[in-house]
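Protein chains: 2
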Amino acid sequence: MNLILLFPDDFNGDKNHVRLQGRRLQHVLTVHRASVGDSLCVGKAGESIGTGTITRLSETVLEMAVQFDRQPPLPLPLTLLLALPRPKVLKRVLRSVSALGVKRIVLLNSFRVEKSYWQSPVLCRESLQEELVAGLEQAKDTVLPEILLRPFFKPFVEDELPGLAAGTLAFVAHPTAVRDCPRGIQKAATLAIGPEGGFIPYEIEKFIQQGFTPVQTGNRILNVETAVPAIISRLY
Amino acid sequence: MNLILLFPDDFNGDKNHVRLQGRRLQHVLTVHRASVGDSLCVGKAGESIGTGTITRLSETVLEMAVQFDRQPPLPLPLTLLLALPRPKVLKRVLRSVSALGVKRIVLLNSFRVEKSYWQSPVLCRESLQEELVAGLEQAKDTVLPEILLRPFFKPFVEDELPGLAAGTLAFVAHPTAVRDCPRGIQKAATLAIGPEGGFIPYEIEKFIQQGFTPVQTGNRILNVETAVPAIISRLY
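Protein sequences appear in the order of chains A and B. For the first sequence, the numbering used here begins at -19 and goes up steadily by one. For the second sequence, the numbering used here begins at -19 and goes up steadily by one.
Hints may contain errors.
It does not matter which identical chain is used: a pair holds within one copy or between any two.
[Unchecked claim] Once the Cα atoms are required to be at most 30 Å apart in a straight line, the calculated DSS-like pairs of lysine-lysine come out as:
hint, residue 1, residue 2
1, 71, 186
2, 71, -5
3, 186, 120
4, 68, 95
5, -5, 68
6, 83, 68
7, 120, 71
8, 186, -5
9, 120, 83
10, 95, 24
11, 134, 186
12, 95, -5
13, 120, 68
14, 83, 186
15, 71, 95
16, 83, 71
17, 24, 134
18, 120, 95
19, 134, 95
20, 186, 24
21, 167, -5
22, 134, -5
23, 167, 95
Note that these hints are calculated values from the structure, not bench results.
Starting from the given sequences, assemble the full structure and let the hints guide the process.
Below is the structure:
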């Protein structure tokens, strides 16, 4: 936790004082091993970053005087479409993607996505947010990504995707694509990454119909956890 | 498992027939759900890739007629120096790095590496190999990376590193570096990635003395699992 993310409830009515318990308190006690008077990096969810000076610290409560003086890092101008991975992998990928600065993530169905994944408790709002917050705390960011759950491939791609991808460079990662994934594009993009085993030809065809270019990153098949940061880091 | 990696013991004296049990048999039964007559991608450890046709398959044994006709993918010309991460993270990073095609990995001590990590059973030869093999099976590669364990930072950097890094571009990832990590270098490189919290200034200085250039990939602090594929993918 390189930044402690603060939410409206933490402020108790005073915009320069926060009171924390639970996970963040425990982290400050056991990982930061901080004391009264120490300063920690803090950020207001969706807003600016600053410093919290500890005014009270016990086993049950952490209080800080906070001030905010700078903006969070720039977001990546990327919408990520991700075939829903298995829940354990999803948690790690969301954390990673949130840390990388992606602000819109679509979790998408695909032929090779196991149906049971859509029933996972990881997909509840609180559980998703937990991973996204962890990514922001890692990367010193404050702006929570938006997550869209789209359990029906065809209507999403036909009806909603054209609007989401409008005005962006659109790529679908595909191991047998002819074109290399471009580097350092400096432009808004929409990137689709398939499930283990890849999108099926029908799905690739649907993306192509929507203006997506299939791209590959070499002749190695990477798992989702490795492919996601590898491709995003190549694009930006 | 996109490729079944075969070792000398699997061959039972005949270079075109293998007999497998255990983990690989279970995978073929439960994930591939294959039958007699099906063909699977196979590779001989350290050698070529080909096809295995299933000649016998039961709950206890898998036999295949194998032939080899092509080379594994090109390795990355990269030596990765990695401050030893915590064991659970190490396993995932090794798998990822092996899939990416890195062939020499140095697990290195650093001031912020917890001493207990060096006692982890994950560091035994068999356990390391298990993760590396999983990475090769994912990426359809056959060449096992070499792993060097170096629990003493100073003697490694002063005495051994000059030889390892000779003739390569040498970079140390450092969030506050002035220079951006280069893209698509197409050359042999040595890359050092620090622990959570980063290398300390003394360590960065030691790398600089050995000709390393500190580089950064933006103002976000990434965890090791995200940073490793992100930086490697930017370099190559």
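Here is how each hint holds up against the structure:
1. Taking CA atoms no more than 30 Å apart as the test, residue 71 paired with residue 186 passes inside one copy only; the shortest distance there is 27 Å, against 37 Å between copies.
2. Taking CA atoms no more than 30 Å apart as the test, residue 71 paired with residue -5 passes in neither setting, with 32 Å inside one copy and 43 Å between copies.
3. Taking CA atoms no more than 30 Å apart as the test, residue 186 paired with residue 120 passes between copies only; the shortest distance there is 28 Å, against 37 Å inside one copy.
4. When the C-alpha separation of residue 68 and residue 95 is checked against a cutoff of 30 Å, the pair qualifies both within a copy, at 15 Å, and between copies, at 28 Å.
5. Proximity of residue -5 and residue 68 under a CA criterion of 30 Å is satisfied in neither setting, with 37 Å inside one chain copy and 40 Å between copies.
6. Proximity of residue 83 and residue 68 under a CA criterion of 30 Å is satisfied in both settings, with 21 Å inside one chain copy and 28 Å between copies.
7. Taking CA atoms no more than 30 Å apart as the test, residue 120 paired with residue 71 passes in both settings, with 19 Å inside one copy and 26 Å between copies.
8. When the C-alpha separation of residue 186 and residue -5 is checked against a cutoff of 30 Å, the pair qualifies neither within a copy, at 49 Å, nor between copies, at 44 Å.
9. With identical chains, the CA atoms of residue 120 and residue 83 are at most 30 Å apart within one copy only, with a shortest distance of 14 Å there and 33 Å across copies.
10. Proximity of residue 95 to residue 24 under the C-alpha cut-off of 30 Å is found in neither arrangement, the shortest distances being 37 Å within a copy and 35 Å between copies.
11. Taking the shortest alpha-carbon separations for residue 134 and residue 186, only the intra-copy value of 8 Å comes in at or below 30 Å, while the best inter-copy value is 55 Å.
12. For the identical chains of this complex, residue 95 and residue -5 are neighbours neither inside a copy (45 Å) nor across copies (41 Å), given an alpha-carbon limit of 30 Å.
13. Taking CA atoms no more than 30 Å apart as the test, residue 120 paired with residue 68 passes in both settings, with 24 Å inside one copy and 23 Å between copies.
14. In this assembly of identical chains, residue 83 and residue 186 lie within 30 Å of each other by CA distance solely inside one copy; the values are 24 Å within and 38 Å between copies.
15. Proximity of residue 71 and residue 95 under a CA criterion of 30 Å is satisfied in both settings, with 17 Å inside one chain copy and 28 Å between copies.
16. With identical chains, the CA atoms of residue 83 and residue 71 are at most 30 Å apart both within one copy (16 Å) and between copies (29 Å).
17. Taking the shortest Cα distances, residue 24 and residue 134 never come within 30 Å of each other, neither inside one copy (38 Å) nor across copies (41 Å).
18. In this assembly of identical chains, residue 120 and residue 95 lie within 30 Å of each other by CA distance solely across copies; the values are 27 Å between and 35 Å within a copy.
19. Taking the shortest Cα distances, residue 134 and residue 95 sit within 30 Å of each other inside one copy (16 Å), while across copies they are farther apart (52 Å).
20. For the identical chains of this complex, residue 186 and residue 24 are neighbours neither inside a copy (40 Å) nor across copies (38 Å), given an alpha-carbon limit of 30 Å.
21. Within a single copy, residue 167 and residue -5 get their C-alpha atoms no closer than 37 Å, and across copies no closer than 52 Å, so neither meets the 30 Å cut-off.
22. Taking CA atoms no more than 30 Å apart as the test, residue 134 paired with residue -5 passes in neither setting, with 46 Å inside one copy and 48 Å between copies.
23. In the homo-oligomer, the alpha carbons of residue 167 and residue 95 never lie at most 30 Å apart, since the shortest distance is 34 Å inside one protomer and 44 Å across protomers.
Of the numbered hints listed earlier, those contradicted by the structure are 2, 5, 8, 10, 12, 17, 20, 21, 22 and 23.
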